[in-house]
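J.: Starting from the known structure of chain X, arrange chain R on it as the hints suggest.
Number of protein chains: 2
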Amino acid sequence: MALRERLYEALRFRALLASNIEILSWDQEVCMPPRGVAHRATLLGTLANLLHKHITDTLLPLLQEAKEHPELTPAEQQSVGILLEDLEPIVKIPPTLVQELTEEVTLAKAAWVEARKASDFSRFAPHLTKLLHLLRAKAEALGYEREPYEALFRLYEKGITITELEQLFSDLKPFLLEMLHTYQGYELEGPPLALPAAAQKELVSTVLEHLGYDLSRGRIDLSAHPFCAGFSPDDVRLTIRIEEEDFTMALSAGLHEMGHALYEQGLAREPIGWPISMAASLSVHESQSRFWENHIGASLPFWQFMQARILPRYQPSWLSAYTPLTLARRVNKIQPHLIRIQSDEVTYHLHILLRFELERALLRGELSVPDLPLAWNEKVATYLGLTVPNDREGVLQDIHWSMANLGYFPTYSLGSFLAAQFAVAMSRENPYWEEALAEGDASFPLQWLQKNIYAHGALWDSQTLCQKATGEPLSVQYYIQYIRTKLENLYEGLPLATA
Amino acid sequence: MALRERLYEALRFRALLASNIEILSWDQEVCMPPRGVAHRATLLGTLANLLHKHITDTLLPLLQEAKEHPELTPAEQQSVGILLEDLEPIVKIPPTLVQELTEEVTLAKAAWVEARKASDFSRFAPHLTKLLHLLRAKAEALGYEREPYEALFRLYEKGITITELEQLFSDLKPFLLEMLHTYQGYELEGPPLALPAAAQKELVSTVLEHLGYDLSRGRIDLSAHPFCAGFSPDDVRLTIRIEEEDFTMALSAGLHEMGHALYEQGLAREPIGWPISMAASLSVHESQSRFWENHIGASLPFWQFMQARILPRYQPSWLSAYTPLTLARRVNKIQPHLIRIQSDEVTYHLHILLRFELERALLRGELSVPDLPLAWNEKVATYLGLTVPNDREGVLQDIHWSMANLGYFPTYSLGSFLAAQFAVAMSRENPYWEEALAEGDASFPLQWLQKNIYAHGALWDSQTLCQKATGEPLSVQYYIQYIRTKLENLYEGLPLATA
Chain X
332 MALRERLYEA
342 LRFRALLASN
352 IEILSWDQEV
362 CMPPRGVAHR
372 ATLLGTLANL
382 LHKHITDTLL
392 PLLQEAKEHP
402 ELTPAEQQSV
412 GILLEDLEPI
422 VKIPPTLVQE
432 LTEEVTLAKA
442 AWVEARKASD
452 FSRFAPHLTK
462 LLHLLRAKAE
472 ALGYEREPYE
482 ALFRLYEKGI
492 TITELEQLFS
502 DLKPFLLEML
512 HTYQGYELEG
522 PPLALPAAAQ
532 KELVSTVLEH
542 LGYDLSRGRI
552 DLSAHPFCAG
562 FSPDDVRLTI
572 RIEEEDFTMA
582 LSAGLHEMGH
592 ALYEQGLARE
602 PIGWPISMAA
612 SLSVHESQSR
622 FWENHIGASL
632 PFWQFMQARI
642 LPRYQPSWLS
652 AYTPLTLARR
662 VNKIQPHLIR
672 IQSDEVTYHL
682 HILLRFELER
692 ALLRGELSVP
702 DLPLAWNEKV
712 ATYLGLTVPN
722 DREGVLQDIH
732 WSMANLGYFP
742 TYSLGSFLAA
752 QFAVAMSREN
762 PYWEEALAEG
772 DASFPLQWLQ
782 KNIYAHGALW
792 DSQTLCQKAT
802 GEPLSVQYYI
812 QYIRTKLENL
822 YEGLPLATA
Chain R
332 MALRERLYEA
342 LRFRALLASN
352 IEILSWDQEV
362 CMPPRGVAHR
372 ATLLGTLANL
382 LHKHITDTLL
392 PLLQEAKEHP
402 ELTPAEQQSV
412 GILLEDLEPI
422 VKIPPTLVQE
432 LTEEVTLAKA
442 AWVEARKASD
452 FSRFAPHLTK
462 LLHLLRAKAE
472 ALGYEREPYE
482 ALFRLYEKGI
492 TITELEQLFS
502 DLKPFLLEML
512 HTYQGYELEG
522 PPLALPAAAQ
532 KELVSTVLEH
542 LGYDLSRGRI
552 DLSAHPFCAG
562 FSPDDVRLTI
572 RIEEEDFTMA
582 LSAGLHEMGH
592 ALYEQGLARE
602 PIGWPISMAA
612 SLSVHESQSR
622 FWENHIGASL
632 PFWQFMQARI
642 LPRYQPSWLS
652 AYTPLTLARR
662 VNKIQPHLIR
672 IQSDEVTYHL
682 HILLRFELER
692 ALLRGELSVP
702 DLPLAWNEKV
712 ATYLGLTVPN
722 DREGVLQDIH
732 WSMANLGYFP
742 TYSLGSFLAA
752 QFAVAMSREN
762 PYWEEALAEG
772 DASFPLQWLQ
782 KNIYAHGALW
792 DSQTLCQKAT
802 GEPLSVQYYI
812 QYIRTKLENL
822 YEGLPLATA
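Respectively, the protein sequence lines represent chains X and R. According to my numbering, the first sequence is numbered sequentially starting from 332. According to my numbering, the second sequence is numbered sequentially starting from 332.
These are calculated hints, taken from the structure and not from any lab test. Warning: the hint list may mix true and false statements.
Identical copies go unnamed one by one, so any copy, or any two together, can satisfy a pair.
[Stated by the list, open to error] Listed below are the simulated SDA-like cross-link pairs for lysine to any residue, each with C-alpha atoms no more than 25 angstroms apart in a straight line:
| hint | residue 1 | residue 2 |
| --- | --- | --- |
| 1 | K799 | L428 |
| 2 | K440 | R548 |
| 3 | K461 | E697 |
| 4 | K440 | S547 |
| 5 | K461 | E575 |
| 6 | K782 | R366 |
| 7 | K384 | H370 |
| 8 | K504 | E336 |
| 9 | K782 | H370 |
| 10 | K448 | S547 |
| 11 | K532 | D552 |
Looking at chain X on its own, in the form it has when it is part of the complex:
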């Protein structure tokens, strides 16, 4: 077989195997009976090994051979370059270190579950110490300039440097504190938005389909932690979590995951395994979920649509109890929360910032693991004004560290900043898209994203994609302007609660 044909075949095999793993993971979360877990872990482990072996033994040598091979077109060679940039780090890490990390993560995850249950950081501490040791070695193997964090962050986001990231956060921090100070404590109006689970599922499904989620290529299920899983553009599933006392939680989760899902549904089908048919980055992926969750789902026009067209089917009494404005206020309540994933659009980034600072200090060796809970609690008090009552609601709340995913958190914030910048670019092109949204028509944003984001797959990194889609490099100013304007519009004239 010619090199070109072997390369297409090897990329196809990699993509199919990865989607196979995704399907099994989706099934594990959504369908698998509880006692199936041991067999599933064995199966997933075997497939992960098979995939790793395929990449190192077959795919990487082929890509290296193809790099400047005349058999490939310049466009193909560009794609080969992108793939090499993503995959070459994999072979830089010594196999023994990979193995040690995999084993330690298994133990650390189990220890984290137990520690969190008991709300006792000391049970997790030795594992985190071990993981930091291994992650420092990983960062050394990957290489960095200033500090180990750089190397780890780059695994998740290669288009933005850590210096840029620092600048974004330092521009943002005073603004976040100002917003928190101004808006926290506003009392909300209206009765509870309680709805039975079955009705909530139907409501979410109706709204998502209306906005553009193709259910003939997707499905919606329930799971403890909402997520989206794309196996191919023709099979992209999402899950929601339902709290019967308030349907806006399930709806927000649904819109968030739909953002991921629309991206996956909008990617090219062929050539399978090549950058054009892959998502650009975690940050860009998160920009999609944030766009639909916040710029659509937390906007006043969206709640005009909901009030007029959707809610009457479910609870006619809300029509007199609410206006679109009071509904929109409910989903835009600013209130610091101990838990990151329950936080509002403003204080969320303070959660990310404190993790960013703590991870860097840990990796630099400036903060020791036993001192971490205290450092955590101090930052929560400083940034959020909250007292952390226990480790469970503090330093033990996220699974990420137990999975050795240090360097990951900032991609969530970058997603928000990108989403805000995309929304402004959309409005530049069509100033009326939000008016159409009030009628339930989200076709313009979807078309814009299809053309400016989905269509380019992973051909450009986050920064280049942002530049091409919006005409400017990533700037946090769009996020700042978006939040400031929205909160001013929503809360103007509302009396500050005395409580």
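T.: Just chain R now, kept in the frame of chain X:
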């Protein structure tokens, strides 16, 4: 790595890959959105190739090396012999023939779907002709004594010869015709057993769990064609089909699939991929589904339990409208039907018999494909006394031929015969198990099957397993006695309908 270790590893990999394929197929039937089908077909095709390559290039050479290797215990060597017997036919068939068959099956299945829709056999005929040509070549490659059918049947059932099969059917045929003549046309009493879908699903789930299906290692879903899929003893799922006008259809399907599921849940977990952790054969698997569907679910004691404990929760008015006897009569109505899968316990085997006869004639070349519909219709008239109105309800009703599964059908009948023989062996050991069943207690049959069937995995073929479990070789007399006694008991004193 030592040979022994490599062999365990290769068998484990084969079993895991096979269960991976099973999970993807289950998902395809139960969860996958409609447009996901093309990607899924590609993924499944890739995995099937990977599995085939693993068996031919890695596993078979290892097994051949291990055959009389001193590193293995005698018990391991016995298992190696069993595995070789199953897998060696795979390499006897030339790869080009495998490829041709795979390609032709894809076309033939699509043609069968269309032909069936149009009820026009001529659209399927050229594909069947081609398949017969390829299957004859396959039979030649595998080798046989008297006729090509032998070689194909042996792929599904290696413990029973075609001569034994002929004898079983020739013993059975006059009995089936006698039963049909005696019992057909009895009118049933009582109002329809209609129940909403959600209640039916709950009823089936309640009954199955009560009888021994472990839902922490299983789950029940809906699908167009009920099936059972076991990925490991700790994850064995089944599906049912619900007809709202009569819950007994869903219940029968549930009990049938539960028989398969209990077998899979009862197999050994380790060593994975070795015969001890595999099902014995298709016939033995079918004996399990038939046992729970018929010997449990179509028995009078079971309906005593249903009437007393289950039905009052769903439809209290049935308590006065029915007795256990009239309920049991409903699920034991003898009435020839054009469609095999809608047939009763008696006429079902006439359906198998006519397929057995027609397949052999086709493979021998004594019956030509264009003459097949006429031959089919003649046999249906002779055996079932029915006129076939069209090909859809006649020769085109089953998918098996389009999948090249000639030689498969008799395993269904063998399952019934084995089930009846097992039931008698149970009663020999504990004459009171049916009395306990009237109280909803099925623990004795489950224990008996665990000890005599499940525990032995695939260490023995169907015939040996039957001999060890019942003390005798397989005999159709137990099935005959079971049907005769049951129908006499159920219908004695019931007037024959005049209609």
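J.: Evaluate each hint against the coordinates.
T.: Now for the hints, and whether the structure bears them out:
1. With identical chains, the CA atoms of K799 and L428 are never at most 25 angstroms apart, being 38 angstroms at best within one copy and 53 angstroms at best between copies.
2. For the identical chains of this complex, K440 and R548 are inter-copy neighbours only, at 24 angstroms across copies versus 33 angstroms inside a copy, given an alpha-carbon limit of 25 angstroms.
3. Within a single copy, K461 and E697 get their C-alpha atoms as close as 16 angstroms, which meets the 25 angstroms cut-off; across copies the closest is 75 angstroms, which misses it.
4. Taking the closest pair of Cα atoms, K440 and S547 come within 25 angstroms of each other only across two copies (23 angstroms); inside a single copy the shortest separation is 36 angstroms, beyond that limit.
5. In this assembly of identical chains, the alpha carbons of K461 and E575 never lie at most 25 angstroms apart, being 41 angstroms within a copy and 59 angstroms across copies at closest.
6. In this homomeric assembly, K782 and R366 come within 25 angstroms of each other (Cα to Cα) only across copies, at 23 angstroms, whereas the closest approach inside a single copy is 45 angstroms.
7. Taking the shortest Cα distances, K384 and H370 sit within 25 angstroms of each other both inside one copy (21 angstroms) and across copies (23 angstroms).
8. With identical chains, the CA atoms of K504 and E336 are never at most 25 angstroms apart, being 51 angstroms at best within one copy and 58 angstroms at best between copies.
9. Taking CA atoms no more than 25 angstroms apart as the test, K782 paired with H370 passes between copies only; the shortest distance there is 24 angstroms, against 43 angstroms inside one copy.
10. With identical chains, the CA atoms of K448 and S547 are at most 25 angstroms apart between copies only, with a shortest distance of 23 angstroms across copies and 40 angstroms within one.
11. In this assembly of identical chains, the alpha carbons of K532 and D552 lie at most 25 angstroms apart whether taken from the same copy (8 angstroms) or from different copies (19 angstroms).
Comparing the model with each earlier hint shows violations of hints 1, 5 and 8; every other hint is respected.
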